[in-house]
Every structure is written in C-alpha cells, then in structure tokens.
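There are 2 protein chains.
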Amino acid sequence: MCEANAYLREGDKEELVLEMVDKVVPYEDGLLLEDIYGRRKIIKAKIKELALVDHKIILERD
Amino acid sequence: MCEANAYLREGDKEELVLEMVDKVVPYEDGLLLEDIYGRRKIIKAKIKELALVDHKIILERD
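Listed in order, the protein sequences are those of chains A and B. First residue of the first sequence? That's 1 in this note's numbering, and the numbers climb one at a time after it. First residue of the second sequence? That's 1 in this note's numbering, and the numbers climb one at a time after it.
FYI, nobody ran anything at the bench for these hints, they're computed from the structure. Values in this document were obtained by computation on a predicted structure and should not be read as measured data. Just to be clear, a hint being listed does not mean it is correct.
Just so you know, same-sequence chains aren't split out, so a pair can sit in one copy or run between any two.
Stated by the list, open to error - Heads up, simulated DSSO-like pairs for lysine-lysine below, C-alpha to C-alpha not over 27 Å straight-line:
1) Lys-23 x Lys-44
2) Lys-13 x Lys-48
3) Lys-44 x Lys-56
4) Lys-56 x Lys-41
5) Lys-23 x Lys-48
6) Lys-41 x Lys-23
7) Lys-13 x Lys-23
Turn these sequences into a full structure, and let the hints guide you.
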C-alpha cells in the first residue's frame, strides 16, 4: 500500500496527525484526511509538502 | 515504490504534469516537483488533494 503519515508542522516541530493516510481532500475551510481503513479526521490546515517515498505528508495551519 | 502522478486540475480537466513524483516542496510562489529519478519540474500551483492508494496528487493554480 502506498499510504503516508500526515504531520502538522508548527515552527520546527512536526506532530503526527494521522497514520496510513490514503485521501486528503478539501473540506470546509480545512482538510478531510482518510486513512486506508476509512477512518477520518478533519483538520484546519493545508497541504504544504510531500515526501512520498518517505511516506510523509506535511500539513500547515492556514 | 510509493510515488504518485501529479495532475493539474483546471475546471473539470486534469492534465498530467509529472509521473512517479516523490517530493513536492514549496518553491518561490509555486511548487518544485521531483520524481523518483531526481528529475524536477517547477509549477506555479498548490497541492489541492491527494489519493495516494490511487497514486494521485491533484494540483491547482493559485
């Protein structure tokens, strides 16, 4: 599977938001994250950066 | 490998920008895309949406 882990970057810290993320789609004024099991999390942030071979999605607050 | 293909969405069309993308990082007022072979492409767009199990990165013009 080619999922990745989503991290919220704040300053020089990265906090794990959700593991094994499949989909990230716009939702209201933030994002809806969905993992490969269909579990969902909503976060007020935007996608900043990707490193897919490292399985990393970096999010940032708007 | 867990790369994905990057598409630029304009209206209801999606144009393939770069295949086998590993990294997407902010660059000037757009994004720098890098594929798994280290080939790079710069595009004035932002990341809109991800569907990683489908190997899809959707970009949009700012």
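Quiz item: How would you classify Lys-13 and Lys-23 at a CA-CA limit of 27 Å: within, between, both, or neither?
Solution: For Lys-13 and Lys-23, the Cα distance is within 27 Å both inside one copy (23 Å) and across copies (20 Å).
Quiz item: Using 27 Å as the alpha-carbon threshold, which applies to Lys-41 and Lys-23: within, between, both, or neither?
Solution: For Lys-41 and Lys-23, the Cα distance is within 27 Å both inside one copy (11 Å) and across copies (24 Å).
Quiz item: Can you tell me if Lys-56 and Lys-41 fall within 27 Å by alpha carbon in one copy, between copies, both or neither?
Solution: Both: 17 Å inside a chain and 20 Å across chains, each within 27 Å.
Self-check item: Copy assignment of Lys-23 with Lys-48, given that the CA separation must stay at most 27 Å
Solution: Intra 15 Å, inter 11 Å, cutoff 27 Å: intra and inter.
Quiz item: Can you tell me if Lys-44 and Lys-56 fall within 27 Å by alpha carbon in one copy, between copies, both or neither?
Solution: For Lys-44 and Lys-56, both the intra-copy (18 Å) and inter-copy (22 Å) Cα distances are at most 27 Å.
Practice problem: State whether the alpha carbon distance between Lys-13 and Lys-48 is at most 27 Å within one copy, between copies, both, or neither. | Solution: Both. Shortest intra-copy (14 Å) and inter-copy (23 Å) distances satisfy the 27 Å Cα cut-off.
Self-check item: Intra- versus inter-copy proximity for Lys-44 and Lys-23 (alpha-carbon distance at most 27 Å)
Solution: both (15 Å within a copy, 23 Å between copies)
Against the hints set out earlier in the document, no violation occurs for any number.
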